[in-house]
Amino acid sequence: MKDDLAQIRDLQVTATTDAGRQIAIIKGVSFDIAKGEMVALIGESGSGKTTIALTLMGYTRTGCEITGGSVLLKGKEMASLTRAEAAKMRGAVAAYVPQSAASAFNPSQKIMDQVVEVSRIHGLMSDTQAQEKAVELFRALALPNPEIIGDRFPHQVSGGQLQRLSAAMALIADPALMIFDEPTTALDVTTQVEVLRAFKSVMQNSDIGGVYVSHDLAVVAQIADRIVVLKGGEVQEEGTAEQILTAPQHPYTKQLVAAFKPAEYATPIDEAITDTILDVQNTFAGYGLIGKDGMPAFVALKDISLTLKRGQNIGVIGESGCGKSTLARTIAGLLPRASGDIQFDGKPLQADLKDRSREHLRRLQIVFQFADTALNPNKPIGTILGRPLSFYHNMGGRQKEKRVEELLDMVHLPTSLKYRLPGELSGGQKQRINLARALAAEPDLILCDEITSALDTVVAAAILDLLKELQNELGLSYLFISHDLSTVQAICDDVVVMYNGEKVEQTKAADMMHATTHPYSKLLLSSVPKLDLGWLDSLEQDPELMRKFSDR
Amino acid sequence: MTNRKSTNWTSRDNAMLRQSLHRGATRRDLMKMMMAGGLTMSASGLILGSATAAYAAEPTMGGMIRVAGATSSTADTLDPAISSNSTDYSRICACYNRLTFLDTSGDPQMELAESIESDNAKVWTINLRSGVTFHDGRTLSADDVVFSLARHLDKAVGSKVNSIAAQMSEITAVDPLTVQITLDAPNADLPVILSLHHFMIVADGTTDFSAGNGTGAFMVEEFTPGVRSVMLRNTNYFKDTGPYLDGFEFFAISDENARLNALVAGDVHLSSALNSRALRLLDATPGVTADASNSGNYTNLNMRRDMNPGESLDFVTGMKYLLNREQIEKSVMRGLAIAGNDQPVSPANRFHNAELAPKAFDPERARHHFEKAGLLGTEIPIVASDAATASVDIATLVQQAGSEIGMNFNVDRVPADGYWSNYWLKAPIHFGNINPRPTPDILFSLLYTSDAPWNESRFKSESFDTKLVEARGELDFARRKEIYDEMQVMVSEDAGTAIPVYLSSLDGRSEQIGGLESNPLGGMMGYAFAEYIWLNT
Amino acid sequence: MNGLILSVLLQRLGIALISLFIVSLAVFAATEMLPGDVAEILLGQAATPDAVAGLREAMGLNEPAIYRYFRWLGGLLTGDMGTSYVNDTSVASMIGDRLSNTLKLAGVAALLSVPLAMFLGVTSAMFRLSPYDRIISFLTIAVISVPEFMLATGGVLIFAVYLQWVPALSLASEVSSFGELLRTFALPVGILTVTVSVQMSRMTRAALIDILSSPYVEMATLKGASMPRVVLKHALPNAIGPIANAVALSLSYLVGGVIIIETVFNYPGVAKLMVDAVATRDLPLIQSCAMIFCFSYLFLITLADIAGILANPRLRT
Amino acid sequence: MMLVSGFRLSYWGFSFNLVGIVASVVILFWAVVAIFAPLLTPYPIGLIVDYDYFGPMTSEFWLGTDYLGRDMLSRVLYGARYTVGIALAGVFLACFLGVTLGMAAASIGGLFDTVLSRFLDAFNSIPSLLFGLVVVAAVGSTIPVLIITLALIYAPGSYRFSRALAVNINTMDFVTVAKARGEGTLYVIREEIFPNIISPVLADFGLRFVWIVLLLSGLSFLGIGVQPPNADWGALVRENLGALPFGAPAVIVPSFAIASLTISVNMLIDNLPQRVRDQGE
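Chains as they are written, first to last, in our numbering: chain A, 103 to 654; chain B, 236 to 772; chain C, 126 to 442; chain D, 495 to 775.
Don't read these hints as lab results, they were simulated from the structure.
Treat the hints with care, as some may be off.
As the list claims (entries may be wrong) - Partial list, derived from the structure: chain D residues whose beta carbon lies under 10 Å from chain B: (1) Asn511; (2) Ile539; (3) Asp544; (4) Tyr547; (5) Ile642; (6) Ile718; (7) Pro723; (8) Gly736.
Stated by the list, open to error - In silico DSS-like cross-links for lysine-lysine, where the CA-CA straight-line distance does not exceed 25 Å: (9) B:Lys661 to B:Lys390; (10) C:Lys358 to A:Lys212; (11) A:Lys235 to C:Lys358; (12) A:Lys411 to A:Lys610; (13) A:Lys610 to A:Lys302; (14) A:Lys394 to A:Lys404; (15) A:Lys176 to A:Lys137; (16) A:Lys302 to A:Lys650; (17) A:Lys190 to C:Lys358.
Note that the coordinates shown come from a computational prediction; the quantities given were computed from them, not determined experimentally.
Ideal Cβ positions, reconstructed from N, Cα and C, are used throughout, including at glycine.
Model the full structure from these sequences, guided by the hints.
Laid out in structure tokens, this is it:
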């Protein structure tokens with residue numbers, strides 16, 4: 103094929119564990135990158151996609167090392183460079199755009215200094231030249247007031263802007279190869295659109311080659327020419343974006359694609375059920391000292407009202423900081439509401455969980471986003487699941503044992519897991535345990551706070567199925583909080599859209615795509631990447647709205 | 236693992252002697268041996284004297300020296316009345332004078348007094364030296380003496396010798412150069428008593444003593460309590476002999492080893508109160524040497540006769556036999572001590588009763604006494620403290636010896652500061668440390684009479700009290716000695732104060748220092764070294 | 126210079142006052158627990174009941190201690206530290222030159238130890254796990270593990286007694302020229318420097334290594350920055366907060382914690398003064414010394430906080 | 495899974511580092527000595543067995559004799575008992591107080607936290623050695639007093655440390671879950687927080703142990719320590735300091751004992767065995 107910029111052949115990377123044990127994490131991966139071509143590495147966490155990308159800079163994270171194969175970049179063997187040689191290449195020939203720019207910028211240095219540092223290190227041009235160039239790049243990346251943004255400190259600019267600034271930082275030295283490591287994962291959808299656009303525009307009209315690491319097929323579809331599908335450190339399938347999306351060959355790829363078209367949620371519309379399980383009325387809540395008006399210094403929830411019928415699910419969507427998680431915490435009583443009224447199954451629910459009856463606590467459970475921080479790493483699964491049993495149902499001994507096994511069974515996990523520590527489980531398994539713990543209380547309502555957001559698409563889909571199944575068996579209700587519309591669509595009857603602490607709109611999930619009226623809802627919905635190549639280019643959004651609502 | 240019983244010590248002595256000779260026996264080692272052999276200190280002191288006599292030949296004038304004392308705190312003072320330790324004494328000796336002072340042999344000599352006379356030992360007439368001036372230029376007069384002596388009677392002053400001064404019922408100035416002191420009872424020792432440091436003569440009406448305005452050989456240049464003092468020669472000193480030094484800086488180094496190091500490193504010329512174990516290092520280093528002097532200071536084990544278990548004389552006697560004096564002398568004091576015979580008058584004193592032999596270490600006999608007292612096996616605490624020299628070590632020896640005969644003593648070491656006010660005289664069994672006193676009379680009336688302020692063991696005896704009064708009025712030396720001998724026996728047998736050894740003090744000095752001699756009032760020539768020593772260059 | 130620092134200063138001031146009060150109370154309580162009072166101690170063996178009574182009378186110690194404590198406290202508020210019981214000179218004058226001695230010693234030690242510690246800490250972080258790093262860390266551990274008095278006496282023995290390079294004592298009064306100052310202070314300063322700087326260098330290293338694992342450091346490496354550059358330009362500026370804190374702690378030790386050094390070298394500093402004061406139950410003096418230690422500690426900690434704030438743009442602006 | 499790479503050995507799901515092993519051996523040795531001292535000592539510690547003082551190492555007295563001519567070996571062996579014993583008791587007490595209060599402060603927060611922190615900070619500002627001197631001077635140096643004093647001196651530091659850790663854990667979701675379940679503070683502290691701060695706390699425990707050993711010997715050096723004829727190592731160094739010029743074992747050995755113990759503990763902390771997590775990434 104055309105003249106290659108980079109060649110990876112039979113790459114082997116092994117990691118050394120604390121025990122000194124060697125385990126292969128990349129098992130013979132090969133692919134090429136041509137000039138001006140954008141190759142996407144896609145796969146779930148642990149598939150080794152980032153590790154591969156980094157080898158292109160002759161870099162491996164501590165504990166890992168390249169043990170075989172070759173990584174040719176512009177004819178240089180990156181696998182066997184000395185530290186100094188590699189340093190010469192880094193930034194100058196191959197540049198890196200990190201996953202979270204927010205943490206990749208040195209908090210104590212001005213942005214401009216960090217952007218031009220590359221040219222300083224490699225002595226490419228004078229600082230003034232470098233700075234002029236940086237400003238151009240800022241402009242090219244559609245950053246607001248490019249002349250002065252460089253004088254700011256990282257914490258003074260938004261996440262989306264930082265992400266673009268980090269791209270500028272990478273581009274400053276005209277590298278031959280750009281490595282994007284999940285550059286939009288940390289961003290809200292509306293921002294993501296902007297950033298993707300910016301990347302695409304700078305990449306398109308240049309012959310810079312690129313590697314785009316992501317787990318999000320839809321995003322990749324917008325920017326990549328070719329896609330390499332990875333799993334467990336091995337290439338599953340490789341092909342043009344077109345082919346991978348439309349005619350996937352490998353079963354895993356099929357799975358990935360399938361996960362994007364979730365089964366529509368068939369609401370068990372049984373009009374018989376009329377009793378409301380949760381009724382939130384004009385609730386205000388927030389953080390900081392309570393002022394004279396009885397309102398906290400920072401109000402995160404403004405006048406929220408919503409009702410949830412028994413056996414039904416309501417979804418709350420919105421971008422980070424819109425207060426959706428606060429809503430969950432307020433209902434759970436973790437954050438006592440400042441004013442308003444919440445009824446649970448017809449009875450008033452105390453604002454502070456300390457005042458709630460154990461019965462209320464039992465019937466209302468909450469499940470958190472990050473499975474691994476939600477499980478005590480030092481306790482075996484059995485103990486974790488056992489606690490609510492003895493706490494709420496004062497079970498003990500054999501009975502408890504039995505129940506724990508039932509619960510594990512309920513979430514489709516082998517009972518043998520009860521002796522393991524959370525650290526020894528995969529993300530999906532942990533989230534299932536999390537769920538099981540909530541179920542152990544035999545609740546009526548579960549508040550699900552972004553419970554699928556941290557999971558890989560395939561895994562997330564499976565969890566959703568589980569939720570539905572459980573609901574049918576146990577007649578639960580879910581308050582489902584997420585920033586990802588497809589998931590909400592997949593499981594909810596109603597959807598509540600929140601923006602900056604307020605409920606902007608409530609619709610039926612089924613027809614939210616066309617029935618939404620509020621401009622923000624429209625913007626939000628339209629920003630969700632679709633699994634087709636042309637989506638980004640064809641997408642038209644009112645720049646006014648963008649400026650108004652998205653974080654730029 | 237055979238436990239060597241302490242009884243076969245003496246068999247090791249020769250071995251020890253040979254050992255140390257191999258190490259290159261030195262004057263000091265030999266001296267150690269001699270003292271271990273029971274030779275009295277004054278004798279070996281003489282040997283030292285002759286050794287230093289080489290320098291004694293011609294005093295040289297001039298030179299500043301540095302002197303390191305042992306203790307110092309913000310409580311340092313230049314007020315003679317409340318001076319409490321060697322540091323204070325060293326300073327006041329330099330800037331004041333007494334009416335009398337004691338010479339090497341312990342006989343009183345005149346200083347500011349020209350003569351002290353009495354025919355009944357009750358009413359004394361003191362004629363002062365004329366033309367003596369204070370540092371501030373005023374001339375010494377009888378009023379100054381009256382003031383200086385009368386102060387001790389004023390409670391607010393807090394004088395250390397208040398109880399001794401108490402016998403001076405009347406102190407009057409007859410004329411500018413004559414003072415008359417009337418005692419409430421005859422006391423032949425007044426001339427000696429007046430040589431006590433506390434009876435230094437200060438200027439009439441002085442209230443702030445920090446200037447150290449006296450008649451002494453040195454004037455205070457700088458005085459910072461707890462830090463240091465600098466003294467310079469008093470150019471119009473009334474004595475024609477000395478002082479030889481231009482001046483000296485005095486400060487204390489409380490840490491024993493630091494004090495030794497300072498001397499060895501040449502940072503100081505004189506370093507007082509060294510540990511006997513310092514001898515080895517001093518031998519090994521040229522240019523430095525040390526002088527031992529025994530002035531009768533002692534650390535004693537007090538068993539209160541008015542409390543359990545001291546009530547039982549058997550217990551007391553048992554303890555006296557349980558004290559391994561030889562071991563204390565050799566192992567604890569490394570020879571810098573003389574075996575004591577449980578009474579306060581030391582061999583350095585002319586009234587010492589030499590016939591009264593120290594009790595030999597005899598565990599079996601002790602055991603028998605304890606058995607009689609019915610105290611075998613009972614747990615008995617012994618209060619010791621670093622405040623009383625070597626008391627902790629002595630206590631451990633007793634504890635060890637006791638454990639071997641089924642006595643169960645436990646040593647209770649208590650903090651040094653506050654020891655005198657909180658444990659001494661109070662605990663049933665505790666240690667005391669008594670500074671040398673020039674006369675048996677002072678010692679007895681201070682420590683043993685029924686009304687003695689420091690009656691450590693609450694020893695009470697009518698006949699003893701009467702004997703004391705009798706001796707006090709007696710001007711015939713032979714007769715007095717007789718009485719004192721009997722009293723020493725009484726104390727040694729019946730009092731609850733076991734006095735195992737008289738401690739010698741070891742003062743280290745650079746060999747450039749000449750003129751240092753031993754004195755019954757304490758180490759460093761009774762702390763009056765400053766005006767007598769000189770610096771060879 | 127800006128609101129935050131001002132507020133920190135004010136807050137600190139408040140805390141300082143509270144802390145000082147607590148400490149003074151604690152010290153007072155402790156001193157009251159001590160057996161015997163100043164009169165008894167001064168009279169020592171001569172402490173017969175009536176003698177003690179007389180002296181108490183004369184010293185005006187008859188009123189309850191708590192009154193005297195509050196009077197002292199009141200005086201302190203008006204900047205008067207009171208007068209010492211044992212030799213009724215003003216506490217201020219007694220502490221005065223002692224404090225200057227202490228500060229002299231601490232100052233010189235600080236001047237030497239801080240740069241040394243920084244150098245060791247930074248370099249061993251730069252080349253971490255290299256032989257150099259391992260050697261340094263072993264040496265530092267060794268020094269930390271040896272009691273100070275062993276270092277001190279050992280030092281005196283070797284350099285003063287045998288080699289006779291330096292005096293065995295540090296007589297602050299003798300210092301006239303700078304050279305002499307070096308010579309007299311060589312030992313105590315040397316020992317303090319060693320003991321203090323190892324602590325600091327360990328903490329510095331730890332702080333830096335902690336930061337070396339952060340994403341922006343990896344980013345810098347991926348820009349092709351050399352290890353020294355990474356450490357100096359990216360890690361160090363962000364480690365200033367914790368490092369400043371470590372330094373502050375160590376320096377406050379130099380003021381109050383050097384009692385052993387002062388003992389071995391017979392150096393008249395504040396720590397020794399306080400020990401004396403305790404020995405003589407001299408309440409005003411004890412209290413005042415304690416105040417000085419407490420204050421210096423708080424002062425240094427506050428400086429550290431401010432340094433941390435200045436180093437961190439998030440807080441600075 | 496027994497594989498050696500670099501200086502590491504791994505066993506029973508833990509991986510050890512050679513330095514760590516050596517260190518733990520030394521510590522173990524002293525522990526054993528401390529426990530069995532009475533059985534090991536050839537002579538009674540108070541007995542004067544030799545006329546000579548600061549004697550050299552001989553077949554009769556393996557570690558020579560001290561300033562009174564007592565057998566040094568016996569005294570050092572017993573010294574281990576007091577140094578290790580007291581320091582251990584002290585550090586236990588200190589860490590128990592510090593960690594409990596620290597966790598409580600973190601999980602209760604609010605006024606309780608602020609007041610406690612303020613108070614202990616103030617306490618921190620008193621130089622430890624001086625504090626020790628005053629207290630022991632006041633109430634006499636019995637072993638319980640020493641232990642309590644040492645504990646009081648080091649509790650605030652431990653509090654600070656464990657509080658900082660606990661605050662982080664306290665923000666974790668699993669703690670929130672427990673609270674949402676309605677668990678009480680005691681349970682949260684005991685079951686949720688403590689297990690997650692235990693290993694750093696152990697390291698801190700070791701460091702404090704070292705400091706306490708050093709402080710204890712410092713105090714003994716200033717003349718405050720266990721009652722004679724017993725003596726901890728610091729006291730042994732002090733009473734035999736006069737032997738330093740002759741490099742006699744009497745002073746060298748206890749010094750060495752202290753150093754060996756403290757260095758080993760420090761080394762062990764720097765090379766703690768690590769729980770092996772082998773799930774790849």
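Violated hints, by number in ascending order, as checked against the structure: Violated hints (numbers, rising): 1, 5, 13; every other hint is consistent with the structure.
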